[in-house]
Structures are given as C-alpha cells and as structure tokens.
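A.B. asks: Top line first, the protein sequences correspond to chains A, B and C. Each step along the first sequence adds one to the number in the numbering used here, with nothing skipped, and position 317 is 317. So the numbering used here is basically just the index in the second sequence, starting at one, shifted up by 431. So the numbering used here is basically just the index in the third sequence, starting at one, shifted up by 742.
I should point out that these hints are in silico values taken from the structure, not numbers from a laboratory. Don't take each hint at face value.
What the hints assert, rightly or not - Computed, partial: chain A to chain B, Cβ under 10 angstroms: (1) Gly-38; (2) Leu-40; (3) Val-41; (4) Ile-186; (5) His-193; (6) Ile-198; (7) Glu-269; (8) Ala-270; (9) Asn-277; (10) Ile-315; (11) Glu-318; (12) Phe-326; (13) Ser-387; (14) Trp-388; (15) Asp-391.
Just so you know, even glycine gets a beta-carbon here, dropped at the ideal spot from N, CA and C.
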Amino acid sequence: MMKTLIKNGQLIDPQNNISGLFDVLLIDDKIEAVAPQGTLVVSDTKEIDARGLVVCPGFVDLHCHLREPGFEYKETISSGTASAVAGGFTSVCCMANTHPVNDNATVTAFIQKQVRETGYCHVYPIGAITKELKGEALANIAELNDAGCIAISDDGNTVQNARLMKIALDYARSFGLPITTHSLEINLANNGHMNASIMSTKLGLKGLPNVAEDIIIARDIMLAEQSGAHLHVGHVSTAIGITLVQEAKERGAKITCEVTPHHFSLTDEALVGYNTNFKMYPPLRTRKDIDALKTAFKNGVVDAIATDHAPHGIIDKELEFDRAAFGIIGFETALPLSLNLVREGVITLEEMVGLLTVKPANVFNLSGGTLSQGRFADIVLFDQNASWTFDEGKIYSKSKNSPFLGTELRGRVIKTLVKGRLVYDVSSGVL
Amino acid sequence: MKFTRKNILGIADLSREEIEGILETALMFSEVNTRAIKKVPTLRGRTVINVFFENSTRTRTSFELAGKRLSADVVNFTSSSSALSKGESLLDTAKNLAAMQPDILVCRHSCAGASHILARYLQSTSVINAGDGSHEHPSQALLDMMTVLKVRKKVDGLRVAIVGDISHSRVARSNIYCFQKMGASVSVVGPASMMPSAIKDLGVDVHYNLKQGIEGADIIMMLRIQMERIKQSPFPSLREYSRYFGLNLETIKTLKKDALIMHPGPVNRGVEIDPGIADGPYSVILDQVTNGVAVRMALLYLLSNAQSMNL
Amino acid sequence: MTQILNKESFEEAIKKLAEKIREEQTDLNNIAFIGIHTRGVHLSNRLAKIFKNSGVNVQQGILDINLYRDDLSQSSDKPILKETKITFDVSGKIIYLIDDVLYTGRTVRAAMDAVFDLGRPQAVHLVVMAKRSGRELPIDTNLCAITIDTKQDDSVAVRFEETDNVDEISLFGKGEQI
Ligand SMILES: [Zn+2]
C-alpha cells in the first residue's frame with residue numbers, strides 16, 4: 001500500500017464545490033480523502049508540497065488525434081499521451097480518423113492494447129459514425145459501443161447527407177451513445193483554407209465562410225432535437241454557431257459543445273506571412289467571433305475546453321498554404337491559454353478548472369474529472385503565474401506544429417499524476 | 432531615395448515612395464529599350480532564376496528579357512504540378528535552388544503565399560513574386576501604373592474601374608493597392624458572385640452593373656476570365672458574362688474621351704473585350720507589354736544592390 | 743581643407759579647357775560633349791556655352807553610368823538611375839566625355855562602354871576639372887584644369903554653382919568634413 005499526501009496547495013474540485021487550502025490523500029491509485037490543510041495526519045506517507053500551486057483533477061480532453069494506428073510519423077499513443085500529461089491531461093478522447101479508421105471493434109481493441117502497453121494516461125476511443133469516415137454507410141456503431149468507444153464522430157469529415165446523419169443520431173441514441181461533430185458543409189467550403197474575411201481577401205487564399213460551419217451546426221441541432229439524441233458540437237468557432245447552441249440549450253435540447261483554446265486566443269490576422277502552423281479547421285476566425293465565444297463562456301454555454309490536438313509532420317505542414325494539412329498540436333498549450341480567460345475576467349479559476357475537468361467528463365460520462373473519494377487519483381498541479389517560452393525543445397508531442405512556438409506563455413503544469421503515479425514533473429519531464 | 436528591400440512580394444508592402452522610385456528607375460530602362468543595342472552590362476555575373484510552377488509564357492519571357500538586357504545569367508526552372516505529384520514539395524525545390532546560390536529568384540506559383548515561403552527559406556536570395564495564386568502580381572500592377580503614368584503624368588485623383596472576377600484575381604488585388612497608394616480611387620465591377628465578401632474593406636466602391644461602374648472612369652481595367660480557375664462558374668455562360676460585363680462598342684460610347692482601356696493579357700477577344708476595342712484608340716494593351724520589360728529590369732536592378740564607391 | 747581654385751580661378755580654368763579643345767580640333771562641327779552625371783553635365787554646359795559665344799554650336803548629351811559600373815555589391819546604398827539622354831548618333835563623332843574629377847578611372851571606363859553601346863565614335867577624349875592620384879586603370883588625359891597630388895584618404899571636391907551654390911575646387915584631408 002502506497003500513501004501520498006499532496007499538501008499546502010490551493011485545491012479546486014468543482015464537482016464537490018471545493019476551492020481553497022485543502023490537502024488530498026491518495027492510497028495507491030485512488031483518492032482516499034480531501035480535507036482542510038493540515039488536518040490529514042497520516043504516517044508512512046510520501047508527501048508532495050504544493051505550496052503556491054493549484055491542485056485539481058487531471059484535465060479531460062474530449063477531442064484529440066493520437067494518429068495511431070496509421071500515422072505513427074505524426075504521433076503515437078505513447079508520444080501523444082506523453083504530450084497530454086505534460087499539458088496536465090489525464091484522460092483524452094481520441095478521434096477515429098486513424099488508418100485504418102476506428103470503425104470496428106478490432107481497431108478499438110488495438111488502440112486499447114497500445115494504451116495499456118505504451119500510454120501515460122487514460123485514453124477513450126471515439127468510434128466512427130460512418131465506415132471509413134466516407135459518409136456513405138453507418139459504421140458498426142453498436143459493436144463500437146460494446147468495444148468501449150465512448151462516443152462516435154466522423155471528425156475530420158462531416159456527414160454531408162442529412163438523412164444519413166438523422167439515421168446515425170437515431171441509431172446512436174438506441175445505445176445511449178453521444179455523437180460529436182465536425183461542422184463543415186463541403187460545397188460552401190469550396191476547398192477553402194482559412195476564414196473567409198478581409199484577411200482571406202488580402203492574402204488571396206480561398207475562404208471557409210462561417211456559414212459553412214453554421215449551416216451544419218443548425219442542421220445537426222435540428223436533427224438531434226427531433227431524434228432526442230445527444231449531440232456534442234465539436235470545436236465551435238463562430239458567433240452564430242455558438243448562439244445556435246445556446247438557443248438549443250435554452251429549448252432544453254440535449255446539446256453540448258466544446259471550444260478550443262486556439263479559437264478563443266487567435267484571430268485570422270495571424271495568417272499574414274502564410275505560416276501553415278496557423279492553418280486548422282475550423283479556421284481562426286475574427287475578433288467578433290472570439291467575443292461571442294467569450295460571452296458564451298461567461299454565460300455557461302460552453303461545456304468543455306477541448307484541444308483538438310492534431311499533430312502533423314513536417315511533410316504535411318512545410319508546404320504551400322493551400323497544400324498544407326489542417327490542424328495544430330494543443331495539449332501542452334491548453335492550460336496557459338485557458339488561464340488567459342481567467343486573467344481577462346471572462347471566467348473564474350474554478351470555472352476554468354471545471355471546463356477542463358468535470359464538465360467534459362460529464363459530457364461523455366467519463367469517470368475522471370473529480371477528486372471524489374474512491375475515484376482514480378488523476379491529479380494535476382499547476383502554477384498559474386509561471387512564465388515560460390514555448391519552444392520546440394520543450395514539446396513532448398512527436399510533431400511541432402504549433403502556432404504558439406516562440407510565444408511567452410503564462411501558467412504551467414508542474415506535476416501530473418495518473419492513478420496515483422507521478423507521470424510528469426516539470427523538472428524531470430515525462431516519467 | 433534608397434531602396435532597401437530584399438524581396439518584392441506584393442504591392443501591399445510597398446510605400447508610395449518605393450513605387451515611385453521603382454517607376455522612375457523603370458523610365459530610365461525605357462530609354463535603354465529604345466536603343467539599337469538594348470543591353471547593358473549591369474548585372475554581369477549575377478544569376479536570375481525564373482521558377483515557374485505555373486505556366487505563363489508572357490510573364491516568364493518578360494522577366495527573361497529583362498534579365499538578359501541587364502546581362503544577368505538567366506535560368507528558367509519550370510516545375511509543373513506533375514513534379515509535385517511526384518513528391519517534390521515547394522521546399523524541396525527551394526532547397527535545391529538555394530544550393531545553386533542565385534542572386535534573384537522570380538517565382539510564379541498557383542498557391543497564394545508561395546513566394547513568401549520561398550523568401551523565408553532563401554535567406555541570401557532576393558525573391559520577386561511573379562504571381563501567386565489569387566494573392567498578388569506586383570510587377571503587373573507596376574507596369575500598369577507605368578503605362579498610365581506615361582499617358583496621364585499624374586495618377587492622383589484618377590478614377591479606376593477594375594472589371595471582372597475580382598475574387599480570383601491577383602492582378603485586381605495588386606492594382607487596387609497600387610492605384611490607391613498613388614492617390615487614385617478604385618471601383619470594382621462584376622457580379623456579386625465574383626466579389627470576395629470583404630472586398631469593401633479594401634476601400635473600393637463596388638458596382639454590379641457595368642455601365643454604372645465604368646461611368647466617369649479614367650481607366651478601365653478588364654480582367655481576364657480564367658475559366659480554368661473557376662470550378663463552379665460564378666456566372667451561367669460566357670455569352671451572358673460577355674453581354675453584361677464585357678466591354679463592347681455600345682458600352683464604350685459612354686466612356687470619357689480620354690479614358691484608357693487596359694487588360695493584363697492574354698485577351699479573350701469577344702469575352703471581356705470586343706475585338707474592335709482591344710486594337711482601338713482607347714487601348715494601351717500593347718504599351719503594357721512594352722513597359723513590362725522596363726519595370727522588370729528596374730526590379731532586378733534595384734534588388735541587385737548597386738552601391739557607390741570611388742569613381 | 744585647402745581651397746585650390748576659387749570662383750575666379752575656377753572660371754578661368756574652364757576657359758582654358760575650352761581653349762585647349764579648340765586648339766586640338768580642326769573640325770569643330772564634328773565634336774560632341776557628353777557630360778557624366780552630375781557635375782560632368784555642369785562642366786559640359788559651361789564649355790558648350792563658351793563655344794556658343796564664339797559661334798560654335800556643340801551637340802550635347804547626358805550620360806548616367808550606373809548601369810555600366812563594375813561595383814554592384816552587397817551594400818544597402820542603391821542609387822536610383824539618372825537620365826541618359828543622347829539624342830544624336832555618336833557614330834563617326836569626336837566625343838568629349840566630360841566629368842568633374844578623374845580618380846580611379848572606373849567611371850571613364852564605364853562611360854566608354856556606355857558610349858560604345860550607342861555606336862562607334864571616330865574618337866573619344868576625356869575632359870575633367872581635376873586629376874587626382876589613385877588611378878586603377880590605364881586612363882589619363884591632358885584636358886584637365888588642374889592636377890592634384892593626393893594621399894589615399896584625401897578627398898577632392900569640385901563644386902559648381904548649379905548644384906553647390908559655389909564654384910570652387912577644394913582638397914580635404916583624412917577625417918575632414920566635406
Ligand atoms: Zn474536427
């Protein structure tokens with residue numbers, strides 16, 4: 001039996017409404033107790049001094065790409081989860097657009113085996129909605145559910161056929177499986193590469209208009225409301241998109257949504273210079289959209305901050321802008337960017353922790369995201385004020401495609417524990 | 432004036448003074464181009480590589496001639512998109528080119544920003560953007576400006592109408608910037624389906640009717656309809672486009688007496704312009720071609736670091 | 743700074759130069775002056791005026807030698823080209839290239855190249871106000887107003903009323919403000 005006491009920290013556990021000077025005791029891989037500072041007196045305990053740090057449940061990411069199987073040159077489950085724990089994430093949900101696609105139980109089982117053997121944190125596979133993400137025929141959704149997929153998504157693609165989407169929602173509902181979406185109407189997208197705006201006009205790049213995202217969000221909300229299925233709208237980036245979600249929630253629909261750190265941090269003006277590390281889907285939008293997203297955070301419309309961690313190798317990114325892949329890595333910058341929302345007064349520190357822990361966990365019914373007794377001891381310790389420069393040498397992901405390279409960030413993960421085991425320490429790295 | 436730029440990537444980057452400096456220099460080269468021997472030894476020993484990822488015989492020939500008249504060693508490096516499908520990326524090409532240590536690289540590419548990417552990787556080579564996707568075509572705008580200046584002496588206060596597929600036109604973008612910087616006011620004319628949604632933010636007037644759009648204009652710039660670049664056509668047929676947005680003998684009756692008609696070439700006769708107009712008195716289309724060589728000589732010269740020493 | 747020619751002696755020196763050219767040439771109708779930018783043009787104009795006063799109209803041209811320089815290099819100082827305007831045919835003409843100072847000889851070399859690109863003159867002569875030390879090419883002339891022995895770091899300034907508000911020739915030593 002191993003006992004660990006994390007003491008003197010500012011403990012935040014939104015699930016149990018705790019925020020203050022509390023210590024937490026772990027026994028082996030579980031949470032044993034949370035109590036006011038100094039009140040837990042235990043012998044034979046390994047102690048971690050968290051003075052000056054925030055102690056909270058490990059972060060939960062509803063949206064990432066671990067690339068294994070098939071694209072191991074971009075990322076593996078090992079490197080991806082190393083990057084996750086370095087960013088404070090202890091549970092991540094990985095999208096189905098691997099090769100082969102996670103559209104059957106064999107692939108799901110392979111991912112789970114790789115996680116057991118090489119992973120640093122909990123990984124929850126998301127299965128495909130349609131076979132090979134082609135948008136033509138449903139994947140074996142019940143089989144994926146049984147195999148352990150916690151949601152289904154064609155992320156990377158959108159199910160363009162509205163009838164097929166309706167069937168998918170109905171079918172998934174039968175098994176209580178949420179559907180999470182990537183919203184892009186392919187004809188309106190017209191092979192665009194960045195937000196359609198004054199910037200795309202100036203840069204001469206084909207634009208992805210907001211409406212290409214909005215129209216699918218609207219469609220899927222209507223379909224989900226009619227079906228009664230749980231729709232989780234992935235990476236909402238537009239003012240109208242987030243308003244559609246808000247209105248659906250007000251009607252009592254079973255709709256949840258996530259927003260990525262880059263979408264509330266950067267605008268399309270960052271694309272001057274054609275740096276492909278600023279190319280992602282949805283594209284970086286405008287100040288107006290960011291303002292709407294922040295208002296939504298303020299009003300509690302957003303259920304989760306999700307990274308959409310999407311590693312790509314040099315051969316995918318060091319290309320002409322039109323030819324470069326969409327996507328950026330996100331685990332290791334999520335915390336400092338989220339803390340900006342706190343510093344700007346958009347949300348409280350407690351709310352931010354909630355958006356990275358219990359709220360996303362609840363979206364997909366995951367067990368993480370709280371420090372309740374008996375739960376796995378998945379814990380992160382972070383310094384909300386530490387300033388550091390994000391550069392290639394510090395990145396644990398196999399890929400370095402971040403728009404924040406060379407940027408000074410504020411807020412840093414100090415330690416990450418998964419099932420009571422220290423897996424990341426800022427001074428010694430991923431363990 | 433001192434010209435300190437390493438690259439010419441777009442008109443958007445240039446100041447009015449720089450544009451004027453380039454054009455003054457180009458006028459000097461016009462004189463060279465009227466000589467019996469149209470060649471000066473200025474860039475002897477310099478290497479200019481024309482990298483054309485997208486075909487354009489006209490622009491390439493113009494840069495080639497400009498380089499040769501300045502006695503530079505000019506090499507044409509044509510990499511079709513088939514080379515890219517063989518796995519050669521822009522950066523592979525860039526690294527190969529860097530190894531050849533050219534002084535100046537002239538790049539034409541179908542992707543916006545390609546020249547920017549090359550310029551970033553080729554630290555000791557000057558890059559001239561000879562057209563990148565729908566972004567910019569700076570030497571075209573400069574030669575258009577030179578053509579106007581030769582006839583009208585002054586651009587301040589002139590009214591320019593640019594007609595056609597504004598969405599996909601790098602010529603339109605470069606000319607909007609160039610004419611605005613030189614003090615002209617610019618209108619864009621065409622169906623709304625050929626306008627970028629944010630075009631008004633560039634400070635132009637937008638017209639969806641040809642007659643209204645060109646009324647009172649001093650310069651009418653007709654853009655080429657590039658059928659190959661438009662997958663889902665933003666207009667129903669060439670015939671309908673030509674009828675509503677092409678310049679014909681009827682529409683030019685409403686033009687000012689001294690209006691100039693320009694076209695970046697090659698002209699789709701009978702589509703954008705009635706054949707009778709392209710060769711008519713308003714047209715300065717061939718002057719544009721002549722001035723193109725002088726402007727490109729000026730760009731090559733200015734990027735080649737001329738310096739003064741004991742003479 | 744040492745003034746070598748003042749306003750009066752400057753004027754006098756130009757007259758003497760004109761005299762020398764006149765003595766040298768039998769066919770004054772076939773000569774032409776080509777002034778090299780900027781101060782060579784002033785000298786060319788002054789000489790032409792003197793000839794005109796004595797009834798000889800000499801054809802004049804202006805030459806910018808920037809395109810013919812041999813020293814394009816990695817400096818940020820990039821001169822904008824000046825006008826080259828030679829409206830007559832140089833072929834068969836006796837050309838007088840005119841500049842303010844003869845120093846390394848490189849300008850004259852460049853100017854000769856430029857002239858030969860325009861045609862084949864019968865002869866080319868060189869006229870300067872001042873000859874200083876420091877030749878790097880086998881170029882010389884007797885048609886000069888003054889010869890100055892200089893050290894390497896010295897500077898010779900030939901100033902013309904037209905652009906410098908004064909007619910004079912001065913010698914500046916190392917470090918002296920010109
Ligand atoms: Zn997505």
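A.B. asks: Does each hint hold? Answer for all of them.
C.D. replies: Consistency of the hints with the structure:
1. Gly-38: violated, 56 angstroms
2. Leu-40: violated, 56 angstroms
3. Val-41: Where the cut-off is 10 angstroms and the nearest Cβ of chain B is about 61 angstroms from Val-41(A), the hint is violated.
4. Ile-186: This hint is violated: Ile-186(A) lies away from chain B, its Cβ roughly 12 angstroms from the closest one there, beyond 10 angstroms.
5. His-193: holds, 9 angstroms
6. Ile-198: This interface hint holds because 4 angstroms falls under the 10 angstroms limit.
7. Glu-269: Cβ of Glu-269(A) sits 13 angstroms from chain B, so the hint is violated.
8. Ala-270: Since the shortest Cβ distance to chain B is 14 angstroms, the answer is violated.
9. Asn-277: Status violated, d = 12 angstroms.
10. Ile-315: holds, 7 angstroms
11. Glu-318: holds, 5 angstroms
12. Phe-326: Status violated, d = 15 angstroms.
13. Ser-387: Violated: closest Cβ of chain B sits about 28 angstroms from Ser-387(A), beyond 10 angstroms.
14. Trp-388: Hint on Trp-388(A): violated, closest Cβ of chain B at ~26 angstroms, above 10 angstroms.
15. Asp-391: Not OK, violated: Asp-391(A) not within 10 angstroms of chain B, min 18 angstroms.
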